[in-house]
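Protein chains in written order, with this note's numbering: chain G, 1 to 419; chain A, 1 to 147.
In case anyone wonders, no lab produced these hints; they're calculated from the structure.
A hint or two may mislead.
What the hints assert, rightly or not - Just a sample of chain G residues kept apart from chain A, beta carbon distances all over 10 Å, derived:
| id | residue |
| --- | --- |
| 1 | K40 |
| 2 | T72 |
| 3 | V97 |
| 4 | S144 |
| 5 | I204 |
| 6 | R231 |
| 7 | N246 |
| 8 | D256 |
| 9 | G411 |
What the hints assert, rightly or not - What follows is a list of derived Cβ distance ranges for each label pair:
| id | chain 1 | residue 1 | chain 2 | residue 2 | range |
| --- | --- | --- | --- | --- | --- |
| 10 | G | A278 | A | G73 | 46 to 52 Å |
| 11 | A | G73 | G | V189 | 38 to 44 Å |
| 12 | G | A315 | A | A63 | 43 to 49 Å |
| 13 | A | A63 | G | A278 | 33 to 39 Å |
| 14 | G | N233 | A | A63 | 19 to 25 Å |
| 15 | A | D134 | G | V189 | 32 to 38 Å |
In this text the structure is predicted, and so the values were computed from the model without any measurement.
Note that the Cβ used here is the ideal one computed from N, Cα and C, for glycine as well.
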Amino acid sequence: MVQQHTQRLSAAFATCALAFLSSHASGADAPGEPAAPIWKLSGFGTLGAVYSSSRSADFTASVLRAHGAGHTRAWSPDVDSRLGAQLDLDLGAWSGVLQVVSEQRLDGSYTPQLEWANVKYQLTPDLAVRAGRIALPVFLGAESRKVGYTIPWVRTPVEVYGSLPISSSDGLDATWRWSTGPVLHATQVFAGRTNQDLHNGLRIKAEDIVGLSHSIERGAVSARLSAASGRLNTGIGKELFTILRNFGPAGDLLADRYEIRDKRVSMVSIGMSVDPGAWFVTAECGRTRTDSLLGGGTSMYAGAGLRRGALTPYAGYAQVRADVATHDAGLPLDGLPPPLAAAAGQINAGINGFLATIPVQSTWSAGLRWDAATNIALKLQLDRVRPRQGSRGTLINNQPGLRPDRAVHVGSVALDFVF
Amino acid sequence: MRAFFHSPRRLAAILALVLGAAAANASAELVVVVSSRSPVTAINADQVAAIFLGHASRFPDGAQAVAIDQQLGAPQRDGFYRTLTGKSPALLKAHWSKMVFTGRGQPPREANGDAGVRRLVAENPAMIGYIERDALDASVRAVLVLP
């Protein structure tokens, strides 16, 4: 009896203390009332190992990687492993976020990159504006693709997410939430620019980035429509184009077609997912255009899973096809003196080498997610990746021995965590 | 002893007690509450889910709504989300991880037990919480009963 009384007293005291701290520590519920700043540190990460059956190319999750599994080494930790840390500051109407992510880069290093860095002002409960860096809200979930814990599969489908020409924007964005009956809408518009270092001073710049993302939620159903465009500049293939422009009008024509100088890039997508809890289905299709060496394509995927306690078996299919020619006749060699013809031939091979990297590929996947704890998930996944039409697909570091249209089998194990 | 069991009223009382206790242990009925000072009198399950998942920040009448959660691992919390959204604690963690790491929002503030939620909600008409039906008192108003 006495013990029970003491417990109640301490519970009441704890409640009072909590209520006191809460009312003094956050201004979220009391607009206009000065509030003490709240700092919050959180993070996420993935420890992954990937095996690929092909020794003639590397399987990877993104084209912006130095190596992957297959050619460089049969088992690779570089495909999915990453670590992210985020600092949030909450001052009520004003808040800020800073997120850095360490994952393998094009230069092979794990140098942390600033993924998010912005200040948000909540104008009304429904309207927020941000200034700073955001990850682009394109496709169904490009901005959260690096947080493995939030997705059912080991990684977002490489056909759709593996080669986004731009993935972040430094600028402004506004999100407006509204509803029509039971349907909840969130409309986000953004404008900005980006200037990212790839490696060794090679940069990828995009200016005049503008876009729109519209999300809809109704119970278990969610959908998103997104569109973004920008003006792209990068020095990829610069040496090739410098030589090409010495070949007269024909050379200029080819250089103008493929050089990534002031090229309009665009991405549009529509996706939907139904998730009542016991099962889920998600599907998405999108289109990317760059009017350059980077090509353009239409991609789609569909995936589904069943949730049985802590286990989630799932399966999916993804594909990407090129909307542009992946081969170019190049400079006409007829009538050129032999030394020039040899040089032109090399240039043509160079152009086609780039065009072969425009992915045409399909992948069947099956896997199992085990939610070992409320912040840890272990996943096993098998993929049958098939580059098509002579393309190397989303593979990198392809060797002369890579057989076109031959399936590559990939096995992955990943441990995702959030804290 | 015979007389005890042969008394129909006593038997009924014992049965009611046993069944009542069993029902309370199996799944205590949850109610969604707002402050008794709040003008909100009713809200539907979809609207409550939207507020607690960070998709909406207003009551149906347009007033600002701030969700208050029970603590992680509390049976009220697990039951509330399972009934309302079909989401397990792991799925909710995934949902909020997506919100947090894209800068879209932070999960609701937590209060300690039914008494903690009730006290916090009673003091602030913007707040909305959930407690066991038995914990209801005059300081808060039940606006939705969850099965």
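Measuring from beta carbon to beta carbon, are A278 (chain G) and G73 (chain A) in 46 to 52 Å?
Once the Cβ atoms are compared, 22 Å apart, the range 46 to 52 Å for G73 (chain A) and A278 (chain G) is violated.
Could you say whether the range 43 to 49 Å given as a hint is met by the Cβ separation of A315 (chain G) and A63 (chain A)?
45 Å Cβ-Cβ, so the 43 to 49 Å window holds.
Was K40 (chain G) rightly flagged as not at the interface, with every chain A Cβ beyond 10 Å?
7 Å, violated
Are all beta-carbon distances from R231 (chain G) to chain A longer than 10 Å?
25 Å, holds
Hey, is D256 (chain G) genuinely clear of chain A, shortest beta carbon separation above 10 Å?
38 Å, holds
33 to 39 Å was suggested as the range; check whether the CB atoms of A63 (chain A) and A278 (chain G) agree with it.
For A278 (chain G) against A63 (chain A), whose Cβ atoms are near 34 Å apart, the range 33 to 39 Å holds.
A63 (chain A) and N233 (chain G) - C-beta distance against the hinted 19 to 25 Å:
49 Å, violated
So N246 (chain G) supposedly isn't at the interface. Is its beta-carbon more than 10 Å from every beta-carbon in chain A?
Holds: least Cβ distance 47 Å, greater than 10 Å.
Interface-negative label, S144 (chain G) against chain A, beta-carbon threshold 10 Å:
Nearest chain A Cβ is 5 Å from S144 (chain G), so the label is violated.
Given the hint of 32 to 38 Å, is the C-beta distance from D134 (chain A) to V189 (chain G) inside that range or not?
Check failed, 48 Å falls outside 32 to 38 Å.
Consistency of the no-contact label for I204 (chain G), given chain A and a CB cut of 10 Å:
Non-interface label stands for I204 (chain G): nearest chain A Cβ at 22 Å, farther than 10 Å.
When you look at the beta carbon of T72 (chain G), is every beta carbon of chain A farther off than 10 Å?
29 Å, holds
Of the numbered hints stated above, those contradicted by the structure are hints 1, 3, 4, 10, 14 and 15, listed in ascending order.
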